[in-house]
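Read top to bottom, the protein sequences are chains A, B, C and D. Numbers in the numbering used here are just positions in the first sequence, counted from 1, shifted up by 2. Numbers in the numbering used here are just positions in the second sequence, counted from 1, shifted up by 2. Numbers in the numbering used here are just positions in the third sequence, counted from 1, shifted up by 2. Numbers in the numbering used here are just positions in the fourth sequence, counted from 1, shifted up by 2.
Same chains, same names: a pair is fine if it fits in one copy or spans any two.
Quick list of in silico lysine-lysine cross-link-like pairs, DSS-like style, CA-CA up to 25 Å:
#	residue 1	residue 2
1	Lys60	Lys127
2	Lys73	Lys127
3	Lys60	Lys73
Keep in mind that the hints were calculated from the coordinates and are not lab data.
There are 4 protein chains.
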Amino acid sequence: VRDDKRGDADREGSPHRFELRVYYEDTDFSGLVYHASYLRFLERGRTEWLRARDLGQKQFAAETGIVFAVKSLSIDYRRSAAMDDLLRIETHVANVGGASVEFAQMVSRAGDLLASARVRVVALKDGRPTRLPGAIRARLHDDAG
Amino acid sequence: VRDDKRGDADREGSPHRFELRVYYEDTDFSGLVYHASYLRFLERGRTEWLRARDLGQKQFAAETGIVFAVKSLSIDYRRSAAMDDLLRIETHVANVGGASVEFAQMVSRAGDLLASARVRVVALKDGRPTRLPGAIRARLHDDAG
Amino acid sequence: VRDDKRGDADREGSPHRFELRVYYEDTDFSGLVYHASYLRFLERGRTEWLRARDLGQKQFAAETGIVFAVKSLSIDYRRSAAMDDLLRIETHVANVGGASVEFAQMVSRAGDLLASARVRVVALKDGRPTRLPGAIRARLHDDAG
Amino acid sequence: VRDDKRGDADREGSPHRFELRVYYEDTDFSGLVYHASYLRFLERGRTEWLRARDLGQKQFAAETGIVFAVKSLSIDYRRSAAMDDLLRIETHVANVGGASVEFAQMVSRAGDLLASARVRVVALKDGRPTRLPGAIRARLHDDAG
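Using the sequences and the hints given, assemble the complete structure.
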């Protein structure tokens, strides 16, 4: 049965969770976290989501020639984050297409939602969209299920 | 007549234009520009758009206690940018609300559209949304007209 | 005796250790980690060093009006880091002055030294150098001892 | 005579000058420019210095397989920069070695020195130091003269 292949709790339909700390580099002179820093946080979340599935991107690119590029994204900022905050990034597969994956992601702090985002990522080979390898598609469908 | 108030060509209904160069710091190991770098480019475009209207943000914050924060944004990435590219940022006011402004922005290179974005910015005073001052609203409506 | 005050192993003369992962944001189009990213890594290391001594910088600034600013630094880059690398930041107090602290820091990967740095940080109040509070000086001397 | 080969004013022994604006992205919650942002500014200065000598780095890397990497640097921070500041980066060749170049660089605002740096850059081919091509060495020696 499918569940036997699953090695960790975050694959059980619940989103992948990743925690990070806010440092000086993430803030701006408003005193709060710079709006573009959230995109870096979300990208870390997706990278850790892939790593939890044994997909280190550097190695994957070396083996398959496939890199992932962000094709589109939307983000709503609800509350601010500040220096020293401990943030949680939640990553969930929303849709799987032929050459692309859409992630739903959230940034929260102590249970309060700070930002929510939709990020569509496309697989590229030699600069052109390429069909996701079957083994990856299977794992993505598991998560989206 | 309205035109008499206008001091520079970019207010004639056409978008504000701003050029920038791509440096090492903007790229990532894919060899191209990192997706979050575009948000920094767009923010520079909005800052220069404000400066062209005599609204330096540091001075404005000091005088009025009002800061601008990004409330939501969406961006489509169509083509990649690379090291040494000269990019053009176009900024246009799409909508003016009571406490917020929605910008339509484009990133292009030699006439080719690389990315397009919608960015909603809200005016904050003591951390809460505050009505835009009348003088600013008038200038924004001119641009959106 | 002095040792009784010590709460954690990293104060025993050995440097404070902190691990971090390399993400897309840290790399550039050379394929490796951008040279300025190391300064962000070192700053995270100093922030965690302070946090391990119950000195959250946001709270400390709020309570004392004192912020820390980098006054000078030197760094030698010996080997490159790349995407997905797990790096260790080691932070050690090299010297304590009246208003400043000099840190010796190292970046390593699996035991290999990648970069070493000296960073002098000064305490500022209202923009001017200010004498470090006695309680902090005592803790710093412990670490430098 | 040597001067005949020189095509632009900045090669006359005086340093190359490059101006840039401070944006939100460059600042941190202290209200001022983040210390690592200066390294990005200095790198832009070196890139523009190379461009003024017809050395676009992306094209140069494609043609020769040579990339430049920072080997070591030291920087002194004297005064702070803030949002909206217009900064000048001055770049001068201090020393030319077989495979490396040492730059002396300064960051100033309206004539006030904010930071000064020494940056040693090494030419790499396939990850190893490689002798600078003769044509480049000649131009570097002109500048250092």
